[in-house]
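Protein chains: 2
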Amino acid sequence: MKLHGYFRSSAAWRVRIALNLKRLDVEHVSHHLRHGEQRDPAYLALNPQGLVPTLELDDGTALTQSLAIIEWLDETLPEPGLLPKDPLERAKVRAFAQAIACDIHPVQNLKVLNRLRELGHDGDRALAWAASVNVDGLSACEQLVANTPGPFCFGDSPGLADICLVPQLGNARRFKVDVAQFPRLLRAEAAAMELAAFRDATPDRQADAE
Amino acid sequence: MKLHGYFRSSAAWRVRIALNLKRLDVEHVSHHLRHGEQRDPAYLALNPQGLVPTLELDDGTALTQSLAIIEWLDETLPEPGLLPKDPLERAKVRAFAQAIACDIHPVQNLKVLNRLRELGHDGDRALAWAASVNVDGLSACEQLVANTPGPFCFGDSPGLADICLVPQLGNARRFKVDVAQFPRLLRAEAAAMELAAFRDATPDRQADAE
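Chains as they are written, first to last, in this note's numbering: chain G, 38 to 247; chain C, 38 to 247.
Keep in mind that a hint or two might mislead.
Given that identical chains are not distinguished, each listed pair holds provided it fits within a single copy or across any two copies.
[To be verified] Straight-line Cα separation of at most 27 Å, DSS-like style, residue types lysine-lysine; simulated pairs:
| hint | residue 1 | residue 2 |
| --- | --- | --- |
| 1 | 213 | 148 |
| 2 | 148 | 39 |
| 3 | 122 | 59 |
| 4 | 39 | 59 |
If you are wondering where the hints come from, they were derived from the structure by calculation, not from laboratory data.
Put together the whole structure using the sequences plus the hints.
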């Protein structure tokens with residue numbers, strides 16, 4: 038299998054963590070987002086959205102969208118499980134993951150910051166937009182896990198929620214958000230970062246890191 | 038069960054379709070988004086993101102995020118199934134749904150348009166932003182189902198992909214996008230709109246419609 042990604046993409050980062058938790062070794066193919074390599078025709082044939090990640094299977098099948106890829110991994114390689122077995126608990130974990138993957142990340146990613154630049158907003162105003170989106174979204178996430186058992190987001194093992202949280206906190210820091218306001222999220226992150234699966238997936242440890 | 042929603046919210050619209058397909062009758066509670074009712078403290082206690090929809094179960098449990106709610110419905114009431122049984126096919130359906138729910142809808146919703154207004158962009162420029170996000174995203178969606186069997190997005194029965202598509206096409210029209218450029222998507226929409234489950238979920242048929 039090949040993972041098409043980019044070291045700094047937090048959606049690709051999620052899939053790197055999941056692959057590590059499942060102990061899967063894949064070939065990594067980097068597409069430099071700031072150079073627009075994700076819009077090369079050969080890549081668009083794999084991923085019509087022109088986004089990373091794409092997981093390319095050995096038979097050429099291309100799976101897109103990080104959460105869909107992670108659920109596929111979890112369904113085809115069930116151990117260790119990344120979602121609880123109980124439907125209600127699964128729904129809560131998925132809702133937390135989607136609060137990040139739908140309502141934070143896409144509203145502050147490179148594509149949106151480029152759109153803002155086209156409207157004349159870059160530098161401080163773009164940073165303020167991205168920071169505000171992170172603060173709003175992570176404040177809600179903090180409440181979604183306020184009463185769950187720890188140390189991870191939903192109990193004593195890492196799962197889809199932690200996989201989404203750790204890269205998003207990475208983004209929040211990059212946008213100068215004071216993450217100390219999210220103590221429950223930081224507790225989950227600290228538990229995750231004790232695991233090699235999470236440590237080996239960080240942007241600075243990727244071959245294409247700048 | 039109570040569905041907390043708003044007639045025009047396309048995320049709530051998705052859940053209305055899913056409830057209709059599952060033949061579940063629920064109480065509808067409207068929160069007027071333009072009046073900010075989703076930020077009432079009582080509602081924030083149910084949904085810390087201050088977004089619709091929320092599905093409130095009879096025991097008071099609150100489920101948030103439309104895709105998580107729909108997967109929960111599908112896991113607890115499997116017929117009619119809203120996702121294929123094969124993991125690879127499920128991954129493709131989920132990827133299509135997430136292409137809409139992560140990468141189109143949140144980048145053109147009321148919250149983002151309000152942020153643009155704060156930066157001095159409303160009227161034509163906000164409309165152009167929203168239209169462009171829809172064109173980019175739906176063009177990719179058109180390709181994701183270019184070679185699938187019809188008439189629905191993924192075969193001969195409606196599912197999660199169609200549930201996300203129909204409300205998004207509604208948004209695209211509201212933002213003056215010429216949807217004739219998406220013939221495969223329109224074919225799926227036409228098949229869906231032959232079903233009462235889809236027709237009864239449209240914004241204009243809701244009690245809170247303006």
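Hint check results:
1. Taking the shortest Cα distances, residue 213 and residue 148 sit within 27 Å of each other both inside one copy (19 Å) and across copies (22 Å).
2. In this assembly of identical chains, residue 148 and residue 39 lie within 27 Å of each other by CA distance solely inside one copy; the values are 24 Å within and 36 Å between copies.
3. For the identical chains of this complex, residue 122 and residue 59 are neighbours both inside a copy (17 Å) and across copies (22 Å), given an alpha-carbon limit of 27 Å.
4. In this homomeric assembly, residue 39 and residue 59 come within 27 Å of each other (Cα to Cα) only inside a single copy, at 15 Å, whereas the closest approach across copies is 38 Å.
The structure shown violates none of the earlier numbered hints.
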